[in-house]
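Enquirer: So you can see what is in the structure, the chains are spelled out below.
Number of protein chains: 4
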Amino acid sequence: MYTSSTNIRVHYALTDQMGVVYHGNYAQFYEIGRTEALRQIGFTYKSIEAMGVMLIVTDMHIRFLRPAKYDDLLTVTITLKELPAHHKIIFDGAIYNEQKELLNTGVVTLYFMNAQTMSRAELPKEIREKLQPYFETT
Amino acid sequence: MYTSSTNIRVHYALTDQMGVVYHGNYAQFYEIGRTEALRQIGFTYKSIEAMGVMLIVTDMHIRFLRPAKYDDLLTVTITLKELPAHHKIIFDGAIYNEQKELLNTGVVTLYFMNAQTMSRAELPKEIREKLQPYFETT
Amino acid sequence: MYTSSTNIRVHYALTDQMGVVYHGNYAQFYEIGRTEALRQIGFTYKSIEAMGVMLIVTDMHIRFLRPAKYDDLLTVTITLKELPAHHKIIFDGAIYNEQKELLNTGVVTLYFMNAQTMSRAELPKEIREKLQPYFETT
Amino acid sequence: MYTSSTNIRVHYALTDQMGVVYHGNYAQFYEIGRTEALRQIGFTYKSIEAMGVMLIVTDMHIRFLRPAKYDDLLTVTITLKELPAHHKIIFDGAIYNEQKELLNTGVVTLYFMNAQTMSRAELPKEIREKLQPYFETT
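Chains A, B, C and D supply the protein sequences, listed in that same order.
In this note's numbering, each residue's number is its place in the first sequence (first place is 1) plus 210.
In this note's numbering, each residue's number is its place in the second sequence (first place is 1) plus 210.
In this note's numbering, each residue's number is its place in the third sequence (first place is 1) plus 210.
In this note's numbering, each residue's number is its place in the fourth sequence (first place is 1) plus 210.
Just chain A, with the same shape it has in the complex (with noise of 0.2 Å):
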């Protein structure tokens, strides 16, 4: 298991009017913490898209239990739960405000394709070297 987190202060511009941060921002925030999890092992997105490969997001699923607010500082947490066997990646995420509430859950899985043919790919190895020790059992 891989568990990452990242720290998210809520701006102005993603509150709407009533009063709370906008439900539809919350992928936002997933993403970032995405991003987050991978540079925190040594990649970041750009050099994942220089080795020939895409993440697309083929779903999303958040659980909406408490609102984030104007000025709250979010945890977003990231957990892969099992090192992707084929093009698939599922991240599972939690949000938290400074209270150690929790907010919201989001389960975001991406396929991993190949940028010239768009088809399917594989995670690639350097990543997979990188995950493999956290998903080691003894």
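Worth flagging that the hints you see were computed from the coordinates, not collected in a lab.
A hint or two may mislead.
Remember, identical chains collapse to one label, so a pair may be satisfied in a single copy or spanning two.
Stated by the list, open to error - Cut-off 25 Å, straight-line C-alpha distance, at most; resulting in silico cross-link-like pairs (SDA-like, lysine to any residue):
(1) Lys279 x Ser215
(2) Lys335 x Val230
(3) Lys298 x Leu275
(4) Lys310 x Asp282
(5) Lys340 x Ile258
(6) Lys291 x Asp269
(7) Lys279 x Val220
(8) Lys310 x Lys340
(9) Lys279 x Asn307
(10) Lys298 x Asn235
(11) Lys256 x Lys279
(12) Lys310 x Pro294
(13) Lys256 x Met228
(14) Lys340 x Leu275
(15) Lys335 x Leu293
(16) Lys298 x His221
(17) Lys310 x Met261
(18) Lys279 x His296
(19) Lys340 x His296
(20) Lys279 x Arg219
On the provided structure of chain A, position chains B, C and D as indicated by the hints.
Expert: Then chains B, C and D, alone, in the frame of chain A:
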């Protein structure tokens, strides 16, 4: 069953550098679809708020099949498969491009909330009466 | 002078917790206004890109008088006061609500760029010919 | 003169299909810059609202020189050239990339408003006292 359909033109701000609509923006399209579905039976979201009732998104599940592109004229269909029994209302959505290709499906669950007490509320009677005929079996 | 007008419905995502449209979102409204202004004389932005020309925003100046609100049906007017002499085109915009109140004005300057060389380009001849009649004095 | 500086990482949602940050998104960056400028002297926007005062954007003028790109780590500088005399406060902003290239400048004018009467208000005394030392000449 009640079904409604709305057109949305994709403007530049909604695209991302992959050259397609950013996946997080479909939440907005489904919201526009719900709003217009309600307007078509005679209710604005404002008029619902005036009844002292708020609608809170509690679950959103989107499955992405094909991307929408800049300047596409999309059709969002919203279907109520069941008349809400209590506080929960489920909108089944789908988005198509002009070639009638299915781009993605989105199931969004909302709760009716009493705006003052912030506790769960019933579907307002006025809306139930308007929707009832669509769910009558013979 | 060429003037065009477009309607935009304010959806929930565009509001902020002040209960009005977030000020940064008007850039989108003016962009939609420009796109529809071009469409009304027979050009899509896509068709312009197909001519090998890009339009880059170089200056945007918005003066805010009154806020737009959720579900308002706005009218965006876009005026070309002069036929572009060279690479620069200036769109004078204004946004009104249904009560015909002026909400804000926005002057946006764009440059035509050669998409390959990324150097300044001329207004494409096809567009000039369509616009010419609006600027003829008698 | 009071100057403040803040870093912002460009995430995917902020790009458009030109492969750069959508021009309308810089309003958000300048807003984040203003918020952090206030935080650095000890005020959150929330704490200002708690004083019964709102800040309304009345004018925004952005000049675009170079585009920001995905994953760029931007620096937003915000400068107050003058201590606000009355209800008007002018924030002079500039955004730089990691190569210290100037990407764009943005001058944003806001009015302090009494949140109850919605009439123009003064710069709150507490903020004036904090800012005063930066504007003292010797």
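Enquirer: It remains to establish, for every hint, whether it holds in the given structure.
Expert: Evaluation of the provided hints:
1. When the C-alpha separation of Lys279 and Ser215 is checked against a cutoff of 25 Å, the pair qualifies both within a copy, at 19 Å, and between copies, at 24 Å.
2. Taking the closest pair of Cα atoms, Lys335 and Val230 never come within 25 Å of each other, the shortest separation being 41 Å inside a single copy and 27 Å across copies.
3. In this assembly of identical chains, Lys298 and Leu275 lie within 25 Å of each other by CA distance solely across copies; the values are 14 Å between and 27 Å within a copy.
4. With identical chains, the CA atoms of Lys310 and Asp282 are at most 25 Å apart within one copy only, with a shortest distance of 11 Å there and 30 Å across copies.
5. Proximity of Lys340 and Ile258 under a CA criterion of 25 Å is satisfied intra-copy only: 13 Å inside one chain copy versus 45 Å between copies.
6. With identical chains, the CA atoms of Lys291 and Asp269 are at most 25 Å apart both within one copy (16 Å) and between copies (22 Å).
7. Proximity of Lys279 to Val220 under the C-alpha cut-off of 25 Å is found in both arrangements, the shortest distances being 7 Å within a copy and 21 Å between copies.
8. Within a single copy, Lys310 and Lys340 get their C-alpha atoms no closer than 30 Å, and across copies no closer than 32 Å, so neither meets the 25 Å cut-off.
9. Only within a single protomer do Lys279 and Asn307 lie at most 25 Å apart by alpha-carbon distance; the minimum there is 9 Å, versus 29 Å between protomers.
10. Proximity of Lys298 and Asn235 under a CA criterion of 25 Å is satisfied in both settings, with 24 Å inside one chain copy and 22 Å between copies.
11. When the C-alpha separation of Lys256 and Lys279 is checked against a cutoff of 25 Å, the pair qualifies only between copies, where the shortest distance is 11 Å, while the shortest distance within a copy is 31 Å.
12. When the C-alpha separation of Lys310 and Pro294 is checked against a cutoff of 25 Å, the pair qualifies neither within a copy, at 29 Å, nor between copies, at 33 Å.
13. With identical chains, the CA atoms of Lys256 and Met228 are at most 25 Å apart between copies only, with a shortest distance of 12 Å across copies and 36 Å within one.
14. Proximity of Lys340 and Leu275 under a CA criterion of 25 Å is satisfied in neither setting, with 34 Å inside one chain copy and 30 Å between copies.
15. When the C-alpha separation of Lys335 and Leu293 is checked against a cutoff of 25 Å, the pair qualifies only within one copy, where the shortest distance is 12 Å, while the shortest distance between copies is 50 Å.
16. Taking CA atoms no more than 25 Å apart as the test, Lys298 paired with His221 passes between copies only; the shortest distance there is 22 Å, against 32 Å inside one copy.
17. Taking the shortest alpha-carbon separations for Lys310 and Met261, neither the intra-copy value of 37 Å nor the inter-copy value of 28 Å comes in at or below 25 Å.
18. When the C-alpha separation of Lys279 and His296 is checked against a cutoff of 25 Å, the pair qualifies neither within a copy, at 38 Å, nor between copies, at 28 Å.
19. Taking the closest pair of Cα atoms, Lys340 and His296 come within 25 Å of each other only inside a single copy of the chain (16 Å); across copies the shortest separation is 49 Å, beyond that limit.
20. For a Cα distance limit of 25 Å, the shortest separation of Lys279 from Arg219 qualifies both inside one copy, at 10 Å, and across copies, at 21 Å.
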